[in-house]
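> Letter by letter, the chains look like this.
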Amino acid sequence: MNPVNYLYLAALLFTIGAVGVLVRRNAIVLFMCVELMLNACNLALVTFSRLHGNLDGQIIAFFTMVVAAAEVVVGLAIIVSVFRTRHSASVDDTNLMKL
Amino acid sequence: MTGMTLAAAIPPIPAPHIEYLQLSPMLAVFGAALVGILAEAFVPRRHRYATQIGIALAGLAASFGLILYLALDGYAGSKADLAAMGAVAVDGPSLFLQGVITLVAVVAVLQFAERRLEPRSSTGAPVDSFAPEGAAVPGSDAEKRAATSGHATTEVYPLTMFAVGGMLLFPAASDLLTMFVALEVFSLPLYLLCALARRRRLLSQEAAVKYFLLGAFSSAFFLFGLALVYGYAGSVQLGQIARVVEGQATVTPALANTTGNDALLLIGLAMLGVGLLFKVGAVPFHMWTPDVYQGAPTPVTGFMAAATKVAAFGALLRLLYVAFPGIAWDWRPVLWGVAILTMVAGAIIAVTQTDVKRLLAYSSVAHAGFILTGVIALDRAGLGAVLFYLAAYSFVTLGAFAVVTLVRDADGEATHLSRWAGLGRRSPLLAAVFALFLLAFAGIPLTSGFTGKFAVFQAAAGSGATALVIVGVLSSAVAAFFYIRVIVLMFFSDPRADGPTVAVPSALTGTAIALGAVVTVALGVAPEYFLHLANQASLFVR
Amino acid sequence: MSFPLLTVTAALPAVGAILTAALPAATDTRSRDRNKVVPLAFSLATLVLACVATARFTPGGPRFQLTEYHSWISQFGIGYSLGVDGIAVVLVLLTAVLVPFVMLASWHDADPVVDDRGTFERNRRTQGFFALILAVEAMVVISFEATDVFLFYVFFEAMLIPMYFLIGGFGDRTKGEDAKQRSYAAVKFLLYNLLGGLVMLAAVIGLYTRAHTFDLVSITTALQNGSLHFPPVVENALFLGFMFAFAVKAPLWPLHTWLPNAMGEATAGVAVLITAVVDKVGTYAMLRFCLNLFPEASKTFAPAILVLSVISILYGALLAVGQKDIKRLVAYASISHFGFIILGIFALTSQGQSGAALYMVNHGVSTAAWLLVAGFLMSRRGSRLIADYGGVQKVAPVLAGTFLVGGLAILSLPGLGPFVSEFLVLVGTFERYPALGIVATAGIVLAALYVLVLYQRTMTGPVKAGNEGVKDLKARELVVVAPLIAMLLVLGIYPKPIADIVNPSVNQTLSQVGRTDPAPHVVNAIGGGQ
Amino acid sequence: MDNLIPVLVAVPLLGAALLLCGGRRLDRVGHLLGTFLAFASFGVGLALFFSMLGRSVDQRPIHDHLFTWIPVNGFQAEVGFQLDQLSMTFVLLITGVGSLIHLYSIGYMAHDEKRRRFFGYLNLFLAAMLLLVLADNYLLLYVGWEGVGLASYLLIGFWQHKPSAATAAKKAFLVNRVGDVGLSIAVMLMFTTFGTFAFTPVFADASKATQATQATLTGIGLMLLLAACGKSAQVPLQSWLGDAMEGPTPVSALIHAATMVTAGVYLITRSSAIFNQAPTAQLATVVVGAVTLLFGAIVGCAKDDIKKALAGSTMSQIGYMVLAAGLGPIGYVFAIMHLVTHGFFKAGLFLGAGSVMHGMNDEVDMRKYGGLAKYMKWTTVTFGLGYLAIIGVPPFSGFYTKDKIIEAAFGHGGTEGWILGTCAVIGAAVTAFYMTRVMLMTFFGEKRWADDADGHQPHPHESPKIMVIPMVLLAVGSVAGGFLFNWNDSFVRWLSPVTGVAEGNPPLNPTVIQILTGVVLVLGVAVAWMMYGRRPVPATPPLGSLLTRAARRDLLQDDFNHVVLVSGGSHLTRFLVYLEGKGLDGLVNGIAALVGGTSGRVRKIQNGYVRSYALSMFGGALVLAVTTLLMRAVA
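Quick note, the sequences are listed as chains A, B, C and D, same order. Be aware that the first sequence starts at 1, since it is given in our numbering, and climbs by one per residue. Be aware that the second sequence starts at 100, since it is given in our numbering, and climbs by one per residue. Be aware that the third sequence starts at 642, since it is given in our numbering, and climbs by one per residue. Be aware that the fourth sequence starts at 1172, since it is given in our numbering, and climbs by one per residue.
Hint data in this document are derived by calculation from the structure and do not stem from the laboratory. Quick reminder that beta carbons are idealized off the backbone N, C-alpha and C, glycines included. Treat the hints with care, as some may be off.
As the list claims (entries may be wrong) - Far from chain D, some chain B residues (derived; all Cβ distances over 12 angstroms):
1. K309
2. H385
3. D390
4. G436
Stated by the list, open to error - Subject to a maximum C-alpha distance of 27 angstroms in a straight line, what follows is the list of computed DSS-like cross-link-like pairs (lysine-lysine):
5. D:K1753 - C:K821
6. D:K1379 - D:K1333
7. D:K1636 - D:K1539
8. C:K965 - D:K1333
Stated by the list, open to error - Here chain D is said to cover these stretches of chain C; the calculated rule only asks that three of the stretch's residues, wherever they fall, bring their Cβ under 8 angstroms from a Cβ of chain D:
9. 843-855
10. 957-970
11. 1081-1094
12. 1132-1140
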């Protein structure tokens, strides 16, 4: 199978993730979409690693996972504290500041 | 099937060689952060404040000292080289920006430590501007308990240290992966810091959510860009990317295959750009700035506005100057558009702002545009100019936000501009200092803002970007309008009877403001030495 | 190293400004007056230094004299280089002369209001006012002395700040509720000039990218020996950038509209400072920088600028006639006069330029005399509306008389200074552009009209209600007015010493531009004069 | 001896400075000091005169260079004096008549609280006028020219508390300024043409005029004429003179009759070398003169205000002089001769009028006079002698001088000569008419006195001696001047070295012209007698014919000025003020509003929703990617 197809898949996943960020309201879902984007990147990295025949891409993918995990920690902390304050996870409710 | 052959073809991974001395400034700060966490765990609550401040300042001082040592030892010039297997560049721009960031961080820590502005807690303990307990729901009993028992979120200091460490690494990162990690390392603590305001916690949390979501979103773009560029060049090392882009690398068949597809490179660069332009606050990636600047605790805003901008521009410079000068023809016009849009939109939207922190946020957007004109120059003059501008701008920004923390009423800081009317009559010295910062923002001669603006515009003009200079000049005029509006308000409007009071700060904030003012005037009147320094430092290693 | 006379001349008022601002706040009227003596003393000391500089200047000697040089920002070829030619030294002297008078005339303008209970408002407002005046003086002086384009630019811009506070912070307190108007005027002043300055900044940068230095002498030398050459498009663009800033400052029609607001709202003393001192930097800079740096572009644009100047002359005068407010009237009159000055500069004849240089001096002195007396009148009555006055000469003959003399100077009566310069400007223009010269000459009728109409409405006729109590000039005010009038007479009757200082510099400028005076059509068979 | 010339100017200038700056201390002696200095100046003038007489004709003009005034390369303005026969004539006239009027003013202004200032202004006038006639170049002349304008302004508006006086003063200055523009331009033209504006070189060059410079000379001539029109109240710049009568009567006598208003004639005569080479300018000059002499005469007929009637007469008489000066060498001498005799008799007439007013509670309306001869004998006699002189009854001075001008006008030759001559003759008739009218209405007929504004009954009485003496002396001059000047052609011989002289070519025998003039004179007197001597004069003026009504309003010149200049000007000004506010400022404010409006709209994008921020980023990312790709595609 042509590895380029994995790239197309990665691009597709990335776009789905991005569009998800744009259209979903729940902060958790939003955040998961971001994670999807990161994983799309991982897929691309691994594919390129395969294409180039070096391991850099794969190693980077591990780094990405770690970073994503860290993001989850911070992100969930923030989202949860907001949820506890507002009893809502909708990002459209947090718009006190504008203009 | 092919797995086996691949594995055989891959040489063993050598143990990395780490130049600890060159990395020591970052290590010092990260070390301080780790020690801080330990202190958080083991030091009794009542000693934590002093301990944490001590640790943070010691870490920063050590870091600054090491930076100075490295710079004097020639690492800014002849000895400049890549460290840690080509992941970190220790060269002029790195050291210069790291120096600026550590200094900014020192001032920021001083402001974080300010405990004289907020009214004392019921136990009589002085409190700072951070939430007593970040996890407690605003308005809940838990929060009240935390407040009355004099809790303080001393975690901010280790968090800050992590952020500073990331920021030190960011402009020095010489491969895209390090850059990405640094980006996250300094972003994540900042998201948390944003959420920790003592007053107006809803706004603070909202700022954190917005900052976090958008930040994560932009990191994803950055990572995607990283992947594409890696795909194109087969490496994330900036120097190697440059060699591939310029066609100087040894061409393997795989490389020949991927470099045939320029779209990979161009889209990759664009995506990397999104990540960095988000951090510098360029239009149209700026929209988080006003909300986050407004909602975050003001000392954090000041720190963020100053240090993030320095770090992010450092990374942007390195990326564009080291990895992609070969395709400058492709990205420069795009960056032109971004710069123009940023300058104009920042200046114009700021005109109708009514909150002083949002005003400063939009002003920072406009300034990002001005700095971009220097970035576009793509020569040593441009690099030197941007370095200088960043140094000058960060101290003005710190000073300005420090002043904002002092103007208070019963609800905390009085940030609505109408509350500032007549401040010049009530507290002429403070108003005069703030006016000085505003004039520096506006780029009036004899302030650092003018020198910086002159330097970047001069570099841009020197590289033939006359149109940018003209747009820059015109948007400066628009920008001047709203800075002056604030001055008018402070000096020529009648004070309101129920107007805010000006708190008398401790030496901590006082030092921050004074330092800001002194640097502003010094870089305006006698900029020769610093310009020299910036110019000396303006050579990337690759 | 020789004594840095020019630096000290500029630094003295700056030091004075800082000292004055740092004096302890006044606690009563006595200590307040003491606080005012300090700035006055500094301004007088500056005057002494300016006189010394003028005396040490050798007319016809090297182009720039008393030069000083220190490297400042070597990265951009910026030096702290000072030097004066004849025109500059005369303008420094003018500034130094006028500032003490402005201070003396504004002695009580910034006094804090004593409330109903007679308690003394204890603050630094009063000394702030005088400190700002000194700051302006320092910046104006160094602008005149700078022979480095960047150095000039820095102070050209920086002086906006103290001026801005002088206009906005100490406006006409006779119209208490109009603080809005006042701050509008201050902002308008600042924004106009800032915009001009920013456009100039672009040109300054452009100049550097071509010349790689900011040193006026190096650039002019390079231009002359051909080692530096601007392509016409570049030169024109740079010229326009510089000229725009100077035309805002000067101000030239149609960029003048900030002046009436600013002068209308400021105190009379500050208004004098604006029009007689600060705005001179604009016209001076045209002579010094536009012509010397961009000789070809100057020639290209001269006709257009001359037309604008003539429009300024007539337009300013016509609008002056239509004003209801004394200070605005003076402002429009100044616009008309600046038209003459710019006309003289860009006629590119030695008569025109010498006339323009003298005009700067004469306009300074005459406007000071006229407006300060008007200020004395306005301070007595608390109104600046012409309609509120009438028949003042009956109750205050000396005030009326000095006001008339000032007005006569403004309308360029022969025997008083302005006539000399105005005639030179007209002759200089006529030589090269007869039609413009003739149209501009019509301006002298309009000048008579606005001066005499103002005099008639305020001073003559039966004493208008409310004017009965107007007191005649006090000793302090006479001390201000009498020397100014004496100067006007000296400048009108024996301007030769100043002309002798100015002429060589004008000739040098013209040779840089590459223009010579047109020869008389008929070669004189007898030989000039008697 | 000869370096006394500056003293001549300095003495009255010193007086002016002392009196104006001296303050109240000098109030008691100010008038005496001023008068003394005027006489001192006259004394110096006489000394210079006799010194001049003692020299041979070609040695008479003397120069005195004081200092360099404005040196700018080729432009060298000097302060230097030139005293030749022409200047000398004026010096004596100015200081002589001036001194007498100072004397008269001591009495006339005795009760004015600002008397010191009045004498200061008079001294200032003397200084400026002397400077005007003594200057050796046009620029210095210009100084004197505007100086007398200033003095005139100050003196017309001397009673500033009267709005009419203040307005009249302003008007005089403004109209004069229009003329001054002419003088300015003339000087500029001279400078650009000859490289100098000093008399001697300019005249030397002008006389060598070529075809090419003739146009320039014509231009200079016309500009000088414009200047002369302003100062000498010639059509079209005559409108200020009537109003100038608001000034105290001695001022009207000295400035607005005898001396200052004749400066235009001096200027033209002085510039004879230029005018001789510029026939077009000369033609314009004679036209102006002829028109004005009729204009002034007609206005003089209709005025009931004694001073305004005399002002019309002044205008008319100066019209004669300008006419003569425009005729070229055949007229210059006679212009000046008439100027001098006019100085005597018109000053005398004005002083007489002042004396009448003095006795009539400052009433000026002749319809409220009548029968004053009985009460003011000296005044009647001196006024009468002046009257006879002005209408040209032989052997009074006006006869000699005016007749010469009429002859010269005919002598111009051709159709023009006929026209000019006829105008001059008609003017003589009208002069006879209106002067007789003044004489009859004032001194003869029945009393028509009315109470003044304060209800005081006038008690006509003769003026004090100090006022009568100057009147007598001037009357002597009016009687004898013409005869003396004409005796043995003394005046022609005296002046011709400066102005040149030529014989006219009259189509009629001079005797015929004299007879003709005599006849019309009698006719004028007779008509006046019919209208004002035989019938009682109504106290309120009859409506009169259209011409009369127009003449009463200065032949509608003021109305014209009002409609076209004043109201047109104020409309223009108002329009410009509006334009300034709405146009220029509006434009700037509009830009500011545009920025503000844009800002207000654009900031709405910042709607607070994190997802739309993300959208903006996403869009931005797309645009960034696409444009980067496009850049490659384009390149």
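> Each of the hints needs a verdict: does it hold here or not?
Results of checking the hints against the structure:
no., hint, result
1, K309, "violated (5 angstroms)"
2, H385, "violated (9 angstroms)"
3, D390, "violated (7 angstroms)"
4, G436, "violated (7 angstroms)"
5, D:K1753 - C:K821, "holds (20 angstroms)"
6, D:K1379 - D:K1333, "violated (53 angstroms)"
7, D:K1636 - D:K1539, "holds (25 angstroms)"
8, C:K965 - D:K1333, "holds (22 angstroms)"
9, 843-855, "violated (count 0)"
10, 957-970, "holds (count 5)"
11, 1081-1094, "holds (count 8)"
12, 1132-1140, "holds (count 5)"
Of the numbered hints given earlier, the model fails hints 1, 2, 3, 4, 6, 9; all others are met.
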